[in-house]
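Enquirer: Chain residues, written in single-letter form:
Protein chains: 2
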Amino acid sequence: MKNRVTELLGIRYPIIQGGMQWVGKAELVAAVSNAGGLGVITALTQPTPKDLEREIQRTRELTDKPFGVNLTLLPTLKPPPYAEYVQVIIEQGVKIIETAGNSPKAFIPQLKAHGLVIVHKCTTVRHALSAERDGVDIVSIDGFECAGHPGEDDVPGLVLIPLATQALKIPVIASGGIADGRGMAAAMALGAEGVNMGTRFFATQEAPVHDNIKQALVSATERDTRLMLRSFRNTTRVLRNAVSEAVVARERHPEGCEFEDVRPWVVGTRGRDAMLSGDVDGGVIAAGQVVGLIHDIPSCAELIERMVADCRAHLAQAQRWTAE
Amino acid sequence: MKNRVTELLGIRYPIIQGGMQWVGKAELVAAVSNAGGLGVITALTQPTPKDLEREIQRTRELTDKPFGVNLTLLPTLKPPPYAEYVQVIIEQGVKIIETAGNSPKAFIPQLKAHGLVIVHKCTTVRHALSAERDGVDIVSIDGFECAGHPGEDDVPGLVLIPLATQALKIPVIASGGIADGRGMAAAMALGAEGVNMGTRFFATQEAPVHDNIKQALVSATERDTRLMLRSFRNTTRVLRNAVSEAVVARERHPEGCEFEDVRPWVVGTRGRDAMLSGDVDGGVIAAGQVVGLIHDIPSCAELIERMVADCRAHLAQAQRWTAE
Numbered sequence: 001m002k003n004r005v006t007e008l009l010g011i012r013y014p015i016i017q018g019g020m021q022w023v024g025k026a027e028l029v030a031a032v033s034n035a036g037g038l039g040v041i042t043a044l045t046q047p048t049p050k051d052l053e054r055e056i057q058r059t060r061e062l063t064d065k066p067f068g069v070n071l072t073l074l075p076t077l078k079p080p081p082y083a084e085y086v087q088v089i090i091e092q093g094v095k096i097i098e099t100a101g102n103s104p105k106a107f108i109p110q111l112k113a114h115g116l117v118i119v120h121k122c123t124t125v126r127h128a129l130s131a132e133r134d135g136v137d138i139v140s141i142d143g144f145e146c147a148g149h150p151g152e153d154d155v156p157g158l159v160l161i162p163l164a165t166q167a168l169k170i171p172v173i174a175s176g177g178i179a180d181g182r183g184m185a186a187a188m189a190l191g192a193e194g195v196n197m198g199t200r201f202f203a204t205q206e207a208p209v210h211d212n213i214k215q216a217l218v219s220a221t222e223r224d225t226r227l228m229l230r231s232f233r234n235t236t237r238v239l240r241n242a243v244s245e246a247v248v249a250r251e252r253h254p255e256g257c258e259f260e261d262v263r264p265w266v267v268g269t270r271g272r273d274a275m276l277s278g279d280v281d282g283g284v285i286a287a288g289q290v291v292g293l294i295h296d297i298p299s300c301a302e303l304i305e306r307m308v309a310d311c312r313a314h315l316a317q318a319q320r321w322t323a324e
Numbered sequence: 001m002k003n004r005v006t007e008l009l010g011i012r013y014p015i016i017q018g019g020m021q022w023v024g025k026a027e028l029v030a031a032v033s034n035a036g037g038l039g040v041i042t043a044l045t046q047p048t049p050k051d052l053e054r055e056i057q058r059t060r061e062l063t064d065k066p067f068g069v070n071l072t073l074l075p076t077l078k079p080p081p082y083a084e085y086v087q088v089i090i091e092q093g094v095k096i097i098e099t100a101g102n103s104p105k106a107f108i109p110q111l112k113a114h115g116l117v118i119v120h121k122c123t124t125v126r127h128a129l130s131a132e133r134d135g136v137d138i139v140s141i142d143g144f145e146c147a148g149h150p151g152e153d154d155v156p157g158l159v160l161i162p163l164a165t166q167a168l169k170i171p172v173i174a175s176g177g178i179a180d181g182r183g184m185a186a187a188m189a190l191g192a193e194g195v196n197m198g199t200r201f202f203a204t205q206e207a208p209v210h211d212n213i214k215q216a217l218v219s220a221t222e223r224d225t226r227l228m229l230r231s232f233r234n235t236t237r238v239l240r241n242a243v244s245e246a247v248v249a250r251e252r253h254p255e256g257c258e259f260e261d262v263r264p265w266v267v268g269t270r271g272r273d274a275m276l277s278g279d280v281d282g283g284v285i286a287a288g289q290v291v292g293l294i295h296d297i298p299s300c301a302e303l304i305e306r307m308v309a310d311c312r313a314h315l316a317q318a319q320r321w322t323a324e
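Just so you know, the sequences run in chain order D and V. Under our numbering, the residues of the first sequence are numbered 1 to 324, in order. Under our numbering, the residues of the second sequence are numbered 1 to 324, in order.
In short, the hints are calculated from the structure, not lab data. There's no promise every hint is true.
Cβ-to-Cβ under 7 Å is the rule here; a few derived chain D residues that face chain V [unchecked claim]:
id : residue
1  : V155
2  : P156
3  : A189
4  : Q205
5  : A313
No farther apart than 16 Å at their CA atoms in a straight line, the calculated lysine to aspartate or glutamate pairs in the EDC-like style are these [to be verified]:
id : chain 1 : residue 1 : chain 2 : residue 2
6  : D       : K95       : D       : E152
7  : D       : K50       : D       : E7
8  : D       : K214      : D       : E132
9  : D       : K105      : D       : D64
10 : V       : K2        : D       : D273
11 : D       : K2        : V       : E305
Just so we're clear, the structure is a prediction, and the values are computed from it rather than from any experiment. Think of the CB as a built atom: it goes at the ideal place given N, C-alpha and C, for glycine as much as any other residue.
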């Protein structure tokens with residue numbers, strides 16, 4: 001396939017594996033890249049910049065194809081050493097960085113000087129325009145359906161993707177709400193030149209999480225996600241389970257809820273431990289509404305080949321339906 | 001264009017004008033049908049069955065093309081005489097009925113006996129499956145983005161449309177989130193055989209509302225709608241204005257809010273009066289998130305011809321991007 005996204009990223013298919021905390025590790029990343037998509041390491045899943053260095057090297061042992069590193073910039077009291085993570089990404093010769101959470105403006109000159117392609121993920125058109133002005137190469141626009149942080153505007157992809165592709169000169173990747181070839185076809189009909197998928201890659205053979213968790217995604221319907229932390233304007237879409245139900249219930253308490261009340265559930269490594277041990281109710285598990293469209297646990301190669309074939313078939317069908 | 005929806009409805013393009021309270025009147029309906037789409041009269045905008053009879057006759061004077069009548073079945077203490085409205089629809093020889101709000105099951109045998117095509121609009125896959133079992137011919141599936149009543153599940157079209165097209169044997173019309181040829185192309189790539197649009201047809205030359213209201217839709221962005229009445233499980237997406245802000249503010253009152261508190265704003269003819277007088281803050285005005293994609297007030301014929309051309313162009317572009 002050929003468009004600005006495949007050209008800029010040097011990949012066969014414009015299918016990008018979204019940065020996922022605890023999941024975006026070498027095995028999954030290499031599997032996606034080997035299958036012709038773009039695998040993306042999650043930098044902050046690695047506790048230190050040195051660990052990220054090792055993870056990049058480990059990925060390179062598993063694939064000679066391009067892959068990226070996701071760096072999520074969050075305003076916290078004790079921020080991780082972002083500059084050191086960036087330094088490792090550059091020194092290790094990674095050619096693609098995905099930023100999210102906040103503007104990567106401070107790092108853009110340094111990243112550009114070393115020839116990196118910068119994909120910035122955001123949830124609104126105004127942030128996308130700002131990132132374009134700052135000099136990022138591609139915007140990944142994340143709709144209300146998505147896993148993790150959909151923002152506070154609640155605009156889904158069917159409206160947000162065409163708004164973004166119309167407003168921006170740089171290419172757009174559609175993120176959120178896509179799990180198969182039909183979604184890919186729709187995103188590209190809306191003007192996106194690629195798709196980003198998290199939840200769908202979570203439920204693949206190569207995702208480094210316990211099989212119980214993958215089965216929970218297969219069992220879940222489109223109604224089995226929850227928006228939590230809305231009352232703190234840090235809305236997070238996660239799988240409906242005992243933990244997310246407890247957090248949402250606390251947030252609804254008539255006397256209000258302080259962040260300290262829910263912190264034990266949502267901060268730290270409970271989510272990671274749940275995903276590794278297979279305890280579906282053990283912690284917060286990010287999942288998008290596309291869980292309703294996920295019915296199996298294929299290898300990344302099977303998934304991508306099927307998507308590509310289905311995408312083409314659905315575009316061809318839509319063309320037949322709309323011919324003269 | 002040719003697929004099951006154009007064949008069943010006898011129309012040139014599978015573009016359906018959604019039933020809209022106070023807006024779905026003869027002038028608009030005839031304009032849409034004359035342009036090759038399907039115009040739809042809103043039955044309950046007519047105060048009595050006799051008035052509906054006159055409106056159907058008035059429409060027929062303006063077009064010789066097929067058109068439909070929308071009948072929204074709502075469980076209320078003092079329901080309108082639904083059976084009498086149905087009788088008028090049948091007696092006047094209307095060939096297409098769009099039902100919504102509740103199952104049309106009780107009327108299906110009678111409608112079928114007179115050869116009507118039944119399009120049922122709903123917001124969930126489980127209701128769609130139930131309507132299919134009851135014998136409707138087409139399901140119009142309405143996503144979270146839509147104007148009016150999106151239901152309580154908050155599943156947008158990008159996820160809901162493929163779920164519906166996969167689950168149902170009968171054809172699906174995509175509703176909500178579509179305002180142009182790109183949205184039409186995306187809906188059809190997701191397997192829908194037609195699109196339903198309300199807000200977009202609201203902002204056309206022929207819509208029988210004051211120009212101030214149409215201009216307000218053109219000015220609004222994707223962030224300018226509000227979900228109100230959520231606390232009564234009767235969620236309604238409307239334009240953000242003084243009235244909807246007041247209703248939402250009351251609903252958020254910590255001591256709770258009774259329906260009687262907001263009834264004066266949301267029941268009755270305030271919305272109609274606002275739309276006719278051009279007082280944008282005078283009443284509740286239904287509007288979907290696609291207001292952000294609406295930038296002009298074309299005639300229905302201009303709109304539909306542009307959509308058809310854009311739909312084809314975007315499908316062709318997506319095919320180029322995804323070719324071998």
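Enquirer: With reference to the structure, classify each hint as holding or not holding.
Expert: Evaluated hints:
Given the 7 Å rule on beta carbons, the hint for D:V155 holds: about 5 Å separates it from the nearest Cβ of chain V. The interface hint given for D:P156 is met, as the beta carbon of that residue sits about 3 Å from the closest beta carbon of chain V, less than 7 Å. A hinted interface residue such as D:A189 counts as satisfied when its beta carbon comes closer than 7 Å to some beta carbon of chain V; here the least separation is about 4 Å, so the hint holds. Against a cut-off of 7 Å between C-beta atoms, the interface hint on D:Q205 is violated, since the closest Cβ of chain V lies about 23 Å away.
At a threshold of 7 Å, the smallest CB-CB gap from D:A313 to chain V is about 10 Å, leaving the interface hint violated. Between D:K95 and D:E152 the alpha-carbon distance is near 32 Å, which puts this suggested pair outside the 16 Å criterion. At most 16 Å may separate the alpha-carbon atoms for a hinted pair to count; D:K50 and D:E7 exceed this at roughly 31 Å. Only pairs whose Cα atoms come within 16 Å are accepted, and D:K214 paired with D:E132 is rejected, the gap being roughly 36 Å.
For the hint pairing D:K105 with D:D64, the CA-to-CA distance comes to about 30 Å; that exceeds 16 Å, so the pair is violated. Annotation: proposed proximity of V:K2 to D:D273 is violated, straight-line Cα distance about 53 Å (limit 16 Å). This hinted pair does not check out: D:K2 and V:E305 have alpha carbons roughly 30 Å apart, beyond 16 Å.
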